[in-house]
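Protein sequences, first through last, are from chains A and B.
When the letters of the first sequence are read in order and numbered with the numbering used here, they come out as residues 1 to 279.
When the letters of the second sequence are read in order and numbered with the numbering used here, they come out as residues 1 to 241.
Calculated from the structure, these hints are not laboratory results.
By construction, the Cβ of each residue, glycine as well, lies at the ideal position given by its N, Cα and C atoms.
Hints may contain errors.
Stated by the list, open to error - Selected chain B positions facing chain A (in silico; Cβ < 10 Å):
# : residue
1 : 60
2 : 63
3 : 65
4 : 79
5 : 91
6 : 123
7 : 138
8 : 161
What the hints assert, rightly or not - Label pairs and their calculated CB-CB ranges:
#  : chain 1 : residue 1 : chain 2 : residue 2 : range
9  : A       : 270       : B       : 67        : 40 to 48 Å
10 : A       : 115       : B       : 101       : 28 to 36 Å
11 : A       : 191       : B       : 157       : 30 to 38 Å
12 : B       : 64        : A       : 191       : 48 to 56 Å
Said to hold, decoys possible - Part of the chain B face toward chain A, derived, beta carbon under 10 Å:
#  : residue
13 : 78
14 : 90
15 : 94
16 : 98
17 : 148
18 : 158
19 : 160
20 : 167
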Amino acid sequence: MSALTTTAPAVTEAPQAVRRKRRSLSPGRRLPAARLVGPVLLVALWAAASAAGRLDPGAIPAPWTVLKTGARLWTDGTLPDDILTSLQRAASGFAIGLVAGVALALAAGLSRVGEALIDGTVNLNRAIPTLGLIPLFILWLGIGETFKIAIIAIVVYIPIYLNTHAALAGIDSRFVELAEVQGLNRFQFIRQIVIPGALPGFFVGLRLGVTGSWLGLVVLEQINATSGLGYMMFQAQNYGQSDVILVGLVVYGVFGLVSDSAVRLIERRVLSWRRTLSS
Amino acid sequence: MATHTEQLTRPAVQLRGLTRSFDGRTVLDGIDLDIPAGQFVALLGHSGSGKSTLLRAVAGLDHEVAGSGQFTAPERISVVFQDSRLLPWRRVLDNVLLGTDGVDRGRAALEEVGLKGRERAWPNELSGGEAQRAALARSLVREPELLLADEPFGALDALTRIKMHALLRELWERHRPSVLLVTHDVDEAIVLADRVLVLEEGRIGLDLAIEPPHPRSYRDPLLGEYRERLLKALGVTEDHA
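Produce the complete structure using the sequences and hints provided.
Spelled out as structure tokens, the structure:
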């Protein structure tokens, strides 16, 4: 007790700081609508430069010109058609790639035979730039929809496979031991431990796959298409319509952003047990 | 009490010539051991003395370890590890029910370990002591005949550890499983167990019955003698001079 009373004056001698100042290493609180700040600023800059006449309207038309063109293309029905075609391609390719990536990752991650057969093969596939397969695929599958969907599926499945497989291989062996102790059968083990444990890795792959599907789409539609957004932009290039090209880019951008946000939303829901730096 | 002594006559665990080796290095060297049903046994030893190897052998977790010997162990075995090993993606109650069902029994087990109301919490919201309580509840819910515990309190702070000792003993009193507690903490072994084994160079070097009645205090002078004998068996002298 006497020790306590003798130390008390020492505390009152330095009353300046309520708490000790320590540099925080966490990035701190999120800014409101953080993801929109950059894009909005960029558009504002673009609009200001156009209004001030500092941009060549033939090369970079003003934002409102792009909007007007977009509205015109939408009402005359060409833009909805092109968007629908592109969406269908991206969605089909993405769905096939997603299923293939997950199925192969599970097969390779859960059995040694599967790993021996699949893992090396996929890594070989990864080493070949997928867009370099386009000529071959056209010869095999013709220049119709099939080869486009096949290319997109390949672009999508590789990151999903790689990340999901890495996550499966990285399941903590202590959890495997726990499953044995708790008497889980193989099916319960996969459903209750393997799959939830691999989900964070899967979502990394999923986001890369979504981005990849749009990337593949842009390239495919600009070189071998007779319809779709990329075709629309390619035609506009021939006629020097930079506003139409920008409409196409905006639509691609919006789709990319929306699909990525959707995946992130699902990820946050599904992985709500994780509390990391980003939450 | 009569049923209790009757239980004790039937051995729950019986090891005969149990041998295990890693890369030619013999870790367990022909161990013979009987643990009567309902007995609380602590297994002491230096790190690397093979005490975890013994526990893992009884738990059936040593798939790829070379060895020989026979053992019988009960059907229902629970294991508590040093880490709580809760699955971070399952809420506490779902962790407790891993591999079994029966929500009511899960809730009851959580209440028994003092975690009532935390059923819906995520494991990363629990403190170290709470997580280990949840792990105990997970092992209880299966109504084990044999509870294997591998340094279950090794990662806890001293104050939490004392509380957990009392809890484990209390749970044992109520459910009466056989217990094999692996620890390197001599005091923990003396306070909790009815019988302490010292593992030394792959063999049981000392088999000591601890007789004072429970609950035992850490400062009970009677326990001093046991402590001395066990430390001596472990090759440690308390001479700090």
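Consistency of the hints with the structure:
no., hint, result
1, 60, "8 Å, holds"
2, 63, "9 Å, holds"
3, 65, "13 Å, violated"
4, 79, "4 Å, holds"
5, 91, "8 Å, holds"
6, 123, "8 Å, holds"
7, 138, "8 Å, holds"
8, 161, "21 Å, violated"
9, A/270 - B/67: 40 to 48 Å, "43 Å, holds"
10, A/115 - B/101: 28 to 36 Å, "33 Å, holds"
11, A/191 - B/157: 30 to 38 Å, "36 Å, holds"
12, B/64 - A/191: 48 to 56 Å, "25 Å, violated"
13, 78, "7 Å, holds"
14, 90, "8 Å, holds"
15, 94, "9 Å, holds"
16, 98, "5 Å, holds"
17, 148, "9 Å, holds"
18, 158, "22 Å, violated"
19, 160, "21 Å, violated"
20, 167, "20 Å, violated"
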